[in-house]
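*Asks:* I would like the entire structure built from these sequences, with the hints used as guidance.
There are 2 protein chains.
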Amino acid sequence: METNFTDALTAFQNALGQENVNTDNSLLKEYQTATFDTKNSVLAIVRPNNTKEVQQCLKIANQFNIPIYPISTGLNTGYGSRVPTVDQCVVLEMRRMNRIIDFDENLAYITLEPGVTQQQLYDYLQEKKSKLWMDATGSFKDHSIIGNIAERGFGHTPYGDHFSNVAGMEVVLPQGDCIHTGFGRFSNAQAAEVYRWGVGPYFDGIFTQSNLGIITRLTVWLMPAPKYFQSFYFSVDSHKQLEKVIDLLRPLRLDGTINSAMHIANDYKVLGAIQLYPWQQANNKTPLDKEVLEKLGKSWDFSVWNGSGALYGTKEEVALARKKIKKQLRGSVKKLRFLDDKLLKVAELLQKPYYWVTGVNLPEMLKILKPIFNMTKGIPTDAMLASTYWRKKDNIANMVNPERDKCGLMWCAPIAPTSGKHAMKLWGIIESVFDQYDFEPAVTITLLTERAMDCVIAIQYDRSIEGEDKRAQACHDKLLKKLTDVGYYPYRLGVQSMSGLPEPEEAYTKFISLVKASLDPIGVLSPGRYLKNK
Amino acid sequence: METNFTDALTAFQNALGQENVNTDNSLLKEYQTATFDTKNSVLAIVRPNNTKEVQQCLKIANQFNIPIYPISTGLNTGYGSRVPTVDQCVVLEMRRMNRIIDFDENLAYITLEPGVTQQQLYDYLQEKKSKLWMDATGSFKDHSIIGNIAERGFGHTPYGDHFSNVAGMEVVLPQGDCIHTGFGRFSNAQAAEVYRWGVGPYFDGIFTQSNLGIITRLTVWLMPAPKYFQSFYFSVDSHKQLEKVIDLLRPLRLDGTINSAMHIANDYKVLGAIQLYPWQQANNKTPLDKEVLEKLGKSWDFSVWNGSGALYGTKEEVALARKKIKKQLRGSVKKLRFLDDKLLKVAELLQKPYYWVTGVNLPEMLKILKPIFNMTKGIPTDAMLASTYWRKKDNIANMVNPERDKCGLMWCAPIAPTSGKHAMKLWGIIESVFDQYDFEPAVTITLLTERAMDCVIAIQYDRSIEGEDKRAQACHDKLLKKLTDVGYYPYRLGVQSMSGLPEPEEAYTKFISLVKASLDPIGVLSPGRYLKNK
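So the protein sequences, as listed, match chains Z and L. Counting along the first sequence from 1, when you hit position 87 you're at 250 in this note's numbering, and nothing is skipped either side. Counting along the second sequence from 1, when you hit position 258 you're at 421 in this note's numbering, and nothing is skipped either side.
In short, the hints are calculated from the structure, not lab data. Hints are not guaranteed to be accurate.
When chains are identical, the list treats them as one kind, so a pair holds in a single copy or across two.
Derived lysine-lysine pairs resembling DSS-like cross-links, with alpha carbons at most 27 angstroms apart [what the hints assert, rightly or not]:
1) LYS489 / LYS505
2) LYS673 / LYS584
3) LYS478 / LYS489
4) LYS641 / LYS202
5) LYS487 / LYS292
*Replies:* Put into structure tokens, the structure is as follows:
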């Protein structure tokens, strides 16, 4: 087998057209840049326009033994952005493949390609005057729907566990073959879009968080817009209270009273969503002093932990759920508030008088509240972009490109059974590690499913400051080590932590190596991504 | 590689103890007998007691090149019972592995082995005074929970799509290695039982409807018992009306008003659940005359199509759902009735007077209604056993062993998008085929998920009558052919129809062959089961 990059490049150009094969140095640099330090260089960026061209790319990769690293739109911010897991890859970007293939209002599904973004899907549904809602993830408007699903990302509505609400993948395998999963392997199948298991082994899962294939098409299920919608908010003043609240919420999540992913954000997290680092109040010192944080909490009206969730249904159904939540949380939280479209409009009208009377900065608060409120209705937002600039002092005029602007962001998101006891253990580990490294632990605990919670921890810093990359990485690694040492494993990995988990049982390593080798004998597809190459 | 059965037998005996390796002819014959004609012989039955022994069995199988066919409790009735997919297998029965490993009332899960039956799990929950419900499948009390999940079977509660409600498999691979999926591959994982995806590729699906591994342990999620429960029933007089009703029900299933698998059974299906073939009224003729059917429908109080479903929640929540269902179905169905525990008790008390007044045979009807009512509450039943004796005239004193008693039963269960149009197409195909073969089409249309319905068709006959096996098989094959010709594929296959589907796309066949070969190089595990051996 030859490894000849020049010949490979010619082959890519012949297959995709010269304009879709890019080796421009400044562009390569962009694709080598994440929100944390990475070393891997990119050889070229290739941009296929359709599945056939993806297949051709993989055949070329196999022919010339060039590793291929597929991305959808490349907004995997905080997990590595567009940077490959190994050095000297060709990045295959599917931004051009942005077709909406099929849409069924009655059966509530849409079939799309990896280039379709959150905003594009939202606009499409608006344009069609559809009565269906998509689920939006907390990432950006230009985030790929399929990219997020492939990483098993999540959102805010009852369809929030994204991979639970898809069917019928089209997948290009590492050697260039194209398959359709489920019933879709039969060309005349009627139910490929509505029934995910198909007949025979169910394979979809092996193409998520993996390097066993490239998803080039997928059907996403959509949610019927509820007749009525209400979000709710509460807060607690201490970690001890959080412990109790999580145990109170678990039965409501289990019995479906709350049937969507609800989030409990700590003070740092809320502050970071509202404003940048308060340099002035903090006398230019980091990490943020707890007294300053508390003061800001009072002026912004947030507490140590701040819950938000949403109720979907008819007005009567929502009223019943509201009653149950009120009864369950009574006395255990402060300021349990419910908000609907009508009340939000009133708040917008009254924001100035509210400020005069209460001193709480409602206008500013609404700037962040409204996008979050909308997100629980499946409306994508870029409002979270600004929070990646948390510790930045420069480049904050136009906060749209965290990678370019040297924002530092690393996620670590361990899963635990939904219980107060586990929340306390997690928080104990987080606090001890962050104290050591002097970052602010911005944390959200998401009650992701009926039984499991995802504790999403952000390490935020300024990459322009010498040594910070290293310190942040050390903080991340220590955190991951301490968490996994006691059995809390992340639901997803960043490119810098693909080898950061302890060795699993030996038989499992052997098993995945066998499967990988059978589909990708020379290992050209995303080497090192989730599956280690042996 | 040697194929020496005598030496293999000695090895099995050394591994499991002599008493757990059986080659007794009369027993082998039982294991070679299904509810339809099968030709494959069984070499021996081996009964491991734990995962280690399952591993040993597979190592022996590989050493001596003996195909192994695993079953849990072997009640795959109508799909092949305990009969292997190829000739000359050793059946590996996991009945002895019936341990309940772990149970968590708060997080609502239970971890169990393949030998645990529906009844055993139900009794366990009762004994623990648990406030959790299991989901029961319409099969028998002794049916294995894991066996049903591995075939992606379904039940009646909101947890009815069984494979959607499991996590953390322990799997023995074809060459004898044992792996744990999801987070379970890390021995200290905290969330393996509550979060199914784990981190990295999600593999669980490839061990369902497959021959890629033996599930030896699994965590099943349980449902919090609702505060209140009500089932509902309706009927329609014509196929045309069914078309409309399905389109009316779809939005209720989609928006969660009905959040469990609901069933619509045709007249033949209901009659078969109530009584055996009405030989006397039919003057001993088959197939059943439509006029006789209609008369029986009047006296038993069923119609052409008969729906049943259930509502779970608080009393107020159920009332809201009931209101929506009433409003939606008003004028389109007849006799929409709701039933709860209280009303059922009253009916039991009043059954005789009811009979005197209405002439409807309530006492007999309750015999079948009550088990169905209970099943929607997760209580397993053997009430469906009798229906497998539909066309039998002899051996009907003690209807507990359809295989022994030569009952003929074959299922064919195609999936379609939930819509009236598809229901009509399915019914058209079913009717035309059954008319040709003179069997009664006993059919249930199950609104299995939000978007997909499963049309479960039974071919029922008497295996003691010469030629009937052949005719039933021809009917099944014609049905499957006509259904798949227009794109309706079954959700599951019987042992006699593993090769009955058309060829899928070539790349798919290549793909599964590669995966199978990587895990089972000499093909010892369930050859021909779902995955064809190449």
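*Asks:* Does each hint hold? Answer for all of them.
*Replies:* How the hints compare with the structure:
1. In this homomeric assembly, LYS489 and LYS505 come within 27 angstroms of each other (Cα to Cα) only inside a single copy, at 20 angstroms, whereas the closest approach across copies is 30 angstroms.
2. Taking identical chains as interchangeable, the C-alpha atoms of LYS673 and LYS584 are never at most 27 angstroms apart, the minima being 35 angstroms within one chain and 48 angstroms between chains.
3. For the identical chains of this complex, LYS478 and LYS489 are neighbours both inside a copy (16 angstroms) and across copies (18 angstroms), given an alpha-carbon limit of 27 angstroms.
4. Only within a single protomer do LYS641 and LYS202 lie at most 27 angstroms apart by alpha-carbon distance; the minimum there is 20 angstroms, versus 61 angstroms between protomers.
5. With identical chains, the CA atoms of LYS487 and LYS292 are at most 27 angstroms apart between copies only, with a shortest distance of 24 angstroms across copies and 34 angstroms within one.
In this structure, the one hint that does not hold is number 2.
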